[in-house]
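Chains as they are written, first to last, in UniProt numbering: chain A, 1 to 215; chain B, 1 to 540.
Think of the hints as simulated: they come from the structure by calculation, not from any bench. Hints are not guaranteed to be accurate.
Calculated lysine-lysine pairs in the DSSO-like style (CA-CA distance at most 27 Å, straight line) [as the list claims (entries may be wrong)]: (1) K67/A x K469/B; (2) K398/B x K417/B; (3) K398/B x K378/B; (4) K514/B x K42/A; (5) K44/B x K42/A; (6) K74/A x K378/B; (7) K99/B x K59/A; (8) K47/A x K447/B; (9) K74/A x K23/B; (10) K23/B x K110/A; (11) K44/B x K67/A; (12) K99/B x K67/A.
Partial selection, computed: residues in chain B whose CB lies under 7 Å from chain A [claimed, not checked]: (13) L54; (14) Y307; (15) N520.
Simulated coverage check for chain A against chain B, where a stretch passes if three residues somewhere in it have a Cβ under 8 Å from a Cβ of chain B [said to hold, decoys possible]: (16) 37-45; (17) 54-66.
Everything numeric in this text was worked out from a predicted model, so none of it was measured. Using N, Cα and C, we set each Cβ at its ideal position, and we do this for glycine too.
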Amino acid sequence: MAGKGRGIAAFTFNIEALGLSRGSMPETQRGPTPLFPQIEYKPGPLKAGEDEDYMRALKQEMRGRMKDLPFNIKPHAGKGDVERYKEKYTREIKRIEDDNWTPDWNYLPKELKPQKKIIRKKRDTKTNAKVSSKDKEELLNKLDALEKKGDVKSDDEEDEAKGLKKENDEEGEEEEIEGEFDEELEEENDYIANYFEDGDDYGGGSDDNMDEATY
Amino acid sequence: MTAQEVRLCGLLLQEHFGDVVEKVGTHLIRSGVLTLRALAHETKLALDLVKKSLCVLVQHGMCTFGPGRRGPAGPVEYRINCERILHMLRYPRYIYTAKSLYGDTGELIIEEILQRGQMTMSSTVKTVADRLTHNMPEGQSMDYSEVVSAFSRLVETHFLQRCPPMASAGSSSSGAVDTSLPVVTQPAEPESNPECYKLPYINLTGQGKRRRSSEDGEDDQRAAKKAKTDNSQCGDEGIYWQVNFLRFHLHFRDQAIISAVSCKLDQTSSEIVRTMLRMSEVTTPAHAAFTQALSANEIFRSLPSNYNIARPILDQYLTLLVDDPMEFVGKTGDSGGGMYVVNLHRALANLARATLESVVQERFGSRSARIFRLLLRKRHLEQKQVEDFAMVPAKEAKDMLYTLLSENLVQLQEVPKTPDYAPSRTFYLYTVNQLPTARLLLQHCYKTIGNLIERRLYETKENKRLLEKSQRIEAILASLQATGAETAQLTEVEEMITAPERQQLESLRHHINKLDSSENQVDETIFLLESYINSTQASR
Chain A
1 MAGKGRGIAA FTFNIEALGL SRGSMPETQR GPTPLFPQIE YKPGPLKAGE
51 DEDYMRALKQ EMRGRMKDLP FNIKPHAGKG DVERYKEKYT REIKRIEDDN
101 WTPDWNYLPK ELKPQKKIIR KKRDTKTNAK VSSKDKEELL NKLDALEKKG
151 DVKSDDEEDE AKGLKKENDE EGEEEEIEGE FDEELEEEND YIANYFEDGD
201 DYGGGSDDNM DEATY
Chain B
1 MTAQEVRLCG LLLQEHFGDV VEKVGTHLIR SGVLTLRALA HETKLALDLV
51 KKSLCVLVQH GMCTFGPGRR GPAGPVEYRI NCERILHMLR YPRYIYTAKS
101 LYGDTGELII EEILQRGQMT MSSTVKTVAD RLTHNMPEGQ SMDYSEVVSA
151 FSRLVETHFL QRCPPMASAG SSSSGAVDTS LPVVTQPAEP ESNPECYKLP
201 YINLTGQGKR RRSSEDGEDD QRAAKKAKTD NSQCGDEGIY WQVNFLRFHL
251 HFRDQAIISA VSCKLDQTSS EIVRTMLRMS EVTTPAHAAF TQALSANEIF
301 RSLPSNYNIA RPILDQYLTL LVDDPMEFVG KTGDSGGGMY VVNLHRALAN
351 LARATLESVV QERFGSRSAR IFRLLLRKRH LEQKQVEDFA MVPAKEAKDM
401 LYTLLSENLV QLQEVPKTPD YAPSRTFYLY TVNQLPTARL LLQHCYKTIG
451 NLIERRLYET KENKRLLEKS QRIEAILASL QATGAETAQL TEVEEMITAP
501 ERQQLESLRH HINKLDSSEN QVDETIFLLE SYINSTQASR
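Just chain B, same shape as in the assembly (with noise of 0.2 Å):
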């Protein structure tokens, strides 16, 4: 774990789950793996405290416990899950997706699930209808049986998978008196598990209940505590489901390729991509290199009813994808009008080209990304050639090869003439790699989001008094409100804040919006450094 990613991940705990969780999170993570008393140990936190702490961790995926060093009679040894941490920067992005593909309730669903880490069936249902009963207006309630469906079709499409089961999860702890031997199992990969989607019958009828406002808060509070001793009843104890994080990848990935073939070519273009890879969404394994071969028939065939183009302008946007220099779309074969696939890899890898291309050329100028695709065009080049094939006059190539080789976008190459390297007769040659650089590139990204982070904090922690002020004025105007004063009341407590702070209020309220959407955005960048990254790795 590199330090930029551990400080995120810090920071993100921290945010999340408070300073306890994170001291215990981060300490792993630099050390990598931990037994219980070790941890409590070098954290010095009590030891209850760290107990805690490690349930969240376990509850929310980010932890692992497996057996010890010492093999199954040894103390549980346990694991921080970096890259689920570095998922929580994502979260809002998967609850759009599920709105937009499943319209609010998939999104109140995977909302729930993302907060509570894993959840039963039953619970979500029960949580999701009163929220959406809630929101409605008084007499209407949100029926159960609509939830369970949308939670069915988030199911069958793969966004939710069950939580892996244990086989059993013994441990021996110091002191207990067993007379079996204690094993302790890993939790086996989600897909493992032969049921890993299947959904669980449960006996769940009726309607969301609407939260009463406080006069009633007696009923509701033994409302709810009758709710939760029904548990029981349900018929699905023990089976938790949580978020397919991969599954959300290959959608934000196709999403990625399908708006930039729209971008490159055209509307139309990018509707052929969307419907090869609608089509090939459940045969392709998740690592696969390119999708299953289509035939031009079959997209044809599948082509969304809107979209009226005859069958040979199909065949001439199938050429056009082909042709482009972008290789999103290659020909395996003839056969059905010919056999096209999309190729998943060399996409990636060309959007990750084009981020990097688009960094140097922002930060550093048109001509020095001008020398920037020369090189990663042409992989080795002299000083001399630079110059002329980059059309850049020399002392101005020189100054701008310097300033790329000193933030090592990129690299000097030495060839020598004579095998002992004398600096005379060796030659120098500039050359950009694209995979390392798309690393070096993906940890200034989790620095950038880092110091974003900070600088919120920084920013909140300045105006927390004038914060704490609104927020109290907002509260006293709210209860007013409700208990129905007068309109000369309510102006007096608005006018307990003055105009220059109020101005000051909004201009935090801008700044942390600002500071917000970047991090947002920032983890899109990167989003499509991972996968490729990823992607490289898994090939071989």
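For reference, chain A alone in the conformation it holds in the complex (with noise of 0.2 Å):
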């Protein structure tokens, strides 16, 4: 602003109307305010009585009693492997509820339902399944053909069919984890349908592939 000043500050406007002189310029900022500014004039005291010591502590129950209830979600923990002993009686102690929650659906969009994706999942793992039981089987057959001709191509085909078992355990676990409320059931689900599984192959693989005397 090239002023009539010559470098002196002059102002556009009359100062006087504002009330200022040259002379008595308030200070200027250097820099941003304090976090925590002098303050001339203590607050007041709290309003202290019964009433408002009845609600602090109807405000800290509440607090305490929201963490136990099932809308407090939690991240996913790893579950522990056993259900550990203190527990039982914590959760009686603390009055925690069960994790297993259920809304009316009747008030909730259907999409926030979980039940219905994991009923067509489990039906296509167990297709999966027979489906890989079924190749094993027929890999098996070859394989005692093979046996005959070499190990070496016969290991590369077991290597191949337990890579597709592991692929499809795999999608099915994934397939539990995007799961519902009722985790413990599909965890139970899964197990056994892992067992089978292992116990066609295991079953087979050691009556057909071994040689060596059992100790």
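Hints given; two lone chains; assemble the complex.
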């Protein structure tokens, strides 16, 4: 702003109108205001009485209680392999409720309901398992035939079969994790599916491939 | 949603529902409206966690869903109701009001429904009866019928209302093969349901069950499981009740007006105003500017019997109330001895104004408050006039005005004499606008509560080790006492906390109590300012 003052601060308006004079300008800011500024007038005391104490106690109780309700959703903590002995008693003492809280589905859009997806996917894993077990039996028969030809080739094919099985298992597990409220039920099913598959392979493998005597 | 509101909502969600819900909620507040997939994708959380969070939020009435932008066939969109999250600050006040109006039973009913968002009548009655029985001496138990009667009274006075029913809550989920066209309907306003306050007939008799100690834990669990499956026999599935916050707010507003009158005038005048408000409770709609007109004869008849004032004295009191500059009561006619109304909106505006003045006084001193009040009354004043009217020396007046200006409590208005806005020929007037200043103060209040909560979390975190140690020791003491240990053992355990640690714990408790109390009291100011701002919007 090129002013008539030649370098001296010159304002474009009449300062007298605002009641200022050249000498009594307020201080300029020398940086951001401090985080905890000095206050000249201390704040008054809080209201203290029976009502306020009671409401404060209510607030603290409610805070504690809300943490124990099933509405308090915790991120996926790895579930312990065995339910600890003390858990049963801590749950009772703290009145922690079951994690399985089901809302009334009539009042929520259907997409929030997790049940349907699992049934479909369970069928898929089963069909996959069936298909793969059929494949495996064919492969095992092939392996029997190839045994006579040479070990190298059969090993490769066995690895392939195992690889296929692993992929299906991983898919099954992923679909299960994307799951729902009844996690325990789902885990049991998955475990059983694994068990049977292993059983098929295990029994068949040992019978057909082991030449050495069992100890 | 302002930045401070979003921050406060985040802190409240975290405190009550955990980190997952906080993340989902905050993101939804910032983005406005989102579908489920978009939400899961943007928050990078697992889909099932997002679903659970949305269920929790909808259950508590904090999230609404509706047909999306693509119409009923598109995916469902979710929207957060920020106001409802901020109501969580006021839960203790709601519960305490219910206690003062309807006793312990009412208090527990409201507490249970607030904690769970929505509940059926039968499950509320059972839970409350169990809790009351637990606190009663051995051998006594609470009958369900008493709880039912308390519940009915709450519904009759409209403190509880039914959750609005949904016509059909289908949605086109990807992959669902529906031959019929799925329709997504939004839940309607609760008041639009004609059966909003109708009690269902439930078949529920019995008494509260006492919770046994852990030895009978197995039996109790089995009994509890049985009780859950018995729910279906009560006859009121699908009818959920929620707290009617609007009714509570009207009640708080009435209380504020009555206490203001009693402070400004006297006890008798406040009783008269209380009578007037009580008489027009049911007939006045929620956002009305004044109550129904009441004649002096009616008021005289409805005064409480222990107030033996003569008829002419009542007239004098009414005249006094009408002439008072706070304008709580107005006269609208002369029939029936004089028709009087309570000016609700004006009362709220005056209460808000008093709050603003008090804030300026406490922060900047009584002379700045004088200047502020002057500007509120005289609207626009020049610098010179401010000095003269406020009787404050020029230099100090300047300082105070600039402090207020820098805090945005006072604004500068330019009034030009010439069309070219030349500064030497323009009037500069100071002015205060009540509504924007009230909004500014409201945001300050939200920031204050956010700071209080964060400080409390910080204090708790700093002393976490000490708190855990004291909790463990209390648990040990409790179990020792239960099994009947000697006093020597008890003192030994108590001495595990050293004296300085005890002192530290004590001071921590004191700080946290203070912070909690402050939150409750800042919330009272928030209520007043919010009511004022809403009343100005409603009248437009």
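Worksheet item: Of the hints given before, which are not true for this structure?
Response: 5, 6, 14
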